[in-house]
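Novice: Spelled out, the chains give:
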Amino acid sequence: MKRRTLLAASVAALGLASAGAAFAADKTKVGFVFVGPIGDGGWTYEHNEGRLAVEEHFGDAVETIYQESVPEGADAERVLTQMALSGADLIFTTSFGYMDPTLNVAAKFPDVKFEHATGYKRADNVSTYSARFYEGRAVQGTIAGHMTKSNVVGYIASFPIPEVIRGINSAYIHAKKVNPDVEFKVIWAYTWFDPAKEADAANALIEQGADVILQHTDSTAPQAAAEKAGNVITFGQASDMGEYAPMPRVSSIIDNWAPYYIARTQAVIDGSWTSVDTWDGIGAGMVGIGEISSAVPEDVKAEALALKDAIANGSYHPFTGPLKKQDGSDWLAEGETADDGTLAGMNFYVEGITGDIPQ
Amino acid sequence: MLRLEKRPTPSRFWTAATPVLAVLLTMIAGGLLFMILGKDPFAAIRTIFWDPLFNEQFASYSRPQLLVKSGPLILIAIGLSLGFRAGIWNIGAEGQYIIGALCGAGVGLALYPMDAWFIFPLMVIAGALGGLLWAMIPALLKTHFRTNEILVSLLLVYVAEQLLASMALGLMRNPEGGGFPGSRNLQQYPSASNPELIAGTGMHWGIVAAFIAVIASYVLLNRHLLGFQIRLTGQSPRAARFAGVNPNALILFCLGTSGVLAGLAGLFEIAGPAGQVSIDFNQGYGFTAIIVAFLGRLNPIGILLAGLLMGLTYIGGDLAQFMLGLPAAAIQAFQGMLLFFLLGVDVLSNFRIRIGKTEAA
Amino acid sequence: MDLSAINPLVLIASLMVASTPILLAALGELVVEKAGVLNLGVEGMMITGAICGFAIAVETDNPALGFVAAMAGGAILSLIFGVMTQVLLSNQVASGLALTLFGLGLSALMGQGYVGIKPPATHDLNFGPLADIPVLGPVLFSHDAVVYISLALVVAVWAVLKFTRLGLILRAVGENHDAAHALGYKVVRIRILAIMFGGACAGLGGAYISLIRVPQWTEGMTAGAGWIALAIVVFASWKPVRVLIGAYLFGGITVLQLNLQAAGVAIPVEYLSMSPYLITILVLVIMSADRSRAALNAPASLGRVFHASS
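Line order of the protein sequences matches chains A, B and C. For the first sequence, our numbering begins at 29 and goes up steadily by one. For the second sequence, our numbering begins at 344 and goes up steadily by one. For the third sequence, our numbering begins at -16 and goes up steadily by one.
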């Protein structure tokens, strides 16, 4: 605390903080820092939709500002500082790599509230929030397990980080549950964004017998590849990708940040904002399941929706024992559910998935 | 009919006046672009060029940031300019920047949590060697097999990017980071960090190095035989050979120097403003530096100014984005225009424009 | 690991599609460089072509018009470079890099209304029974028109450069612009036309990505393909047929490494991802080490500024 006040004092001495306070009186100013362009159609696009929802909801009471394509690291720190200097009251930093910059800047501006997506470090004026996308993956896995005829499910992964690995595990567990013969083929694209490479990856998987493609990358390239190939189904990622329904896109995971952004903005307006750690899923509406299309048989659809409801009302956890790790060692005992700490840092496959996680 | 006539020596007046003219032209063209996008052109131009330096709300923060942003650009561009003058094309400074950062950070991370004065100097050496190593690949391939260095250095950028991702996810991943990608933050490891030297100035060792590089390269080019050889080789490789220049040695020297400087820039950045090895640590400084080198007309002082101007458009561009809601793409297009005009009006310093077809001069 | 899952015929068919954008862009750049101009703005022209093609295809619901628009867009953008380097005599390396920067920004601005839209489909050509021929069918007769156009263009560029007066003039300009000028050729005009041809090819390549390979519009979607195209030209030592080989080799390794991953080959992914670049370097070294033919192919005036009275 002492260090923080010292820093705050030095900032004030430079005449920086005063200007920020002057603006805050009337309109609440909410800032957003995006890692990609808002036209990426995926991760950043959905965060920007959340920003637009905030504008819509509060009208003239709130002004939003944003900056897109901000590289993680030094540039992020500068952008955050400048936003804080411009009088922002609340700033959402929407990528994991903004973690340390967010904390650094938050320490200099104790009166500004920060919200960091997908991170794990908090402070008095820094909250963290993330979505339990693996809950949606469980629904996808169930549909995938039922729908595959070749018993080969292809998975286009981006980078080997816990978020992605969690998704693979969750989808696999639930596919296996309804179809013991199912096999997952995973391609690590080693990029967040290269639509052409995603198309190639989808084609490679389809050529090797996959008739279901799951993707943890944001472009619709795999959807188009599946459509061209014919009897292959896919799931929308980040946004609904409804333009590919009913085939090949049979359902989707939708990032829905709007309710959270509105709630947190309201908290700042009310003065009730406190630092929290939010990890919401289907139940809270942060993870949406796009409409299951007519290509899915009714009974499968009903089963998938039942699973979705069970997850939403908390009666079922996608990582419920008995579960073993890939090497055969025990992970969860019968009926035991995974704790958030393990999930947050997940770096292993569950039993049955072949191949290695790149390290 | 307009006709260009080469001046015997570049015009002193136009050499000084063209950058100003270019900036004015960019303001007009950029203003039109912003107007088409429905923004107030005067506010936009003011936000980009004036606010980072003089806005009372921001300037005391933005002005030092100008150094932070320009430092690596200048450092890399100085190294590149030597090779460019000699006709040796290192397009892969981005890769050398990454490898320098990885080697330097690797030393620091390997010694964590040891507390000793020599760690940072050791990292600096490792960073320089890393950049050197990566630049020596195209250099040696060129001297031994005459392989085109443009292509090899460029392709090695992609290899370096894959190595970076691999390191951020594997070997250098922070063991206390809960499985998330990215290394420990070197800013929080005092023995290995490259902090602000004087609070509130933005000055760190990388910027000191950039200034030293500017001076050293000025001296080298103007006062030293090697500088003469570099210039001669660029103007006439044949004449250079008759003058006793060893072309292979020159290739090794130019590529090596640019590699070392790019590696240093990477190290200073990763130990300082960036802090950690992450998948997307590199931000294209190595490519932007090529532009800076040419904007500065391959002249050390010019590069210094060009680097600062480039930095200004980045920081002003940031401000314009969230103050006025301009898309990042508009800023990118604006920067492109600025470069076009700066390069284009340069014709005035080397040529006279004559009207009419006559040959009389 | 199950290598038998990789079907070589399907692999070849898909590498042809994967390589087409870089093949087109590289062919265009080859002509530009043959004329003695180095244009590093390929990425910028490709992405501009990608959005021009996408926008027009969506507005008119006609992919063919989209491809035409993409070529026009790429050519118009390249004209900026042409004026910069040929009329205002700016440095080509810097102007090319600036063109890429400008093209990326401009395309993103133009594409703001086109995110999340599905373009009209471009269908594969129907060769009827030909497509059912074993081996040849899937490889040769199962593609869309642009793939064949790109192959025809390889032959056309090769033939024009080798056999026609036009090709001779182009090469003369690239080898020695002063001599070409002395012979009465319009060096500047020829180079500008070559640059525009390069822009049109790059634009077509870009639109192939946004209209066929992906197909959608997102900012920065060419993701470095233009740089690879540049590398391929040097790799091919300025020969059209080798451009074809180089582009297919690069595309082939990219597709193969993804297939190897899917087949579960135990090579670390990051090394597989590097492999297209490393193998390209290796082949390049082998080729340039061969003293009998090395280094002679680069157009002698490449990258040099031409001024008539100098």
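One or more hints might be untrue.
The list that follows gives simulated cross-link-like pairs (lysine-lysine, BS3-like), each with its CA atoms no further than 30 Å apart [unchecked claim]:
1. C:Lys101 with A:Lys329
2. C:Lys169 with B:Lys349
3. A:Lys55 with B:Lys382
4. A:Lys177 with C:Lys169
5. A:Lys149 with A:Lys353
6. A:Lys177 with A:Lys136
7. A:Lys256 with C:Lys101
Treat the hints as calculated values from the structure; they're not laboratory data. Remember, it's a predicted structure, so these values are computed and weren't measured experimentally.
Novice: Hint by hint, which ones does the structure fall short of?
Specialist: Structure breaks hints 4, 6.
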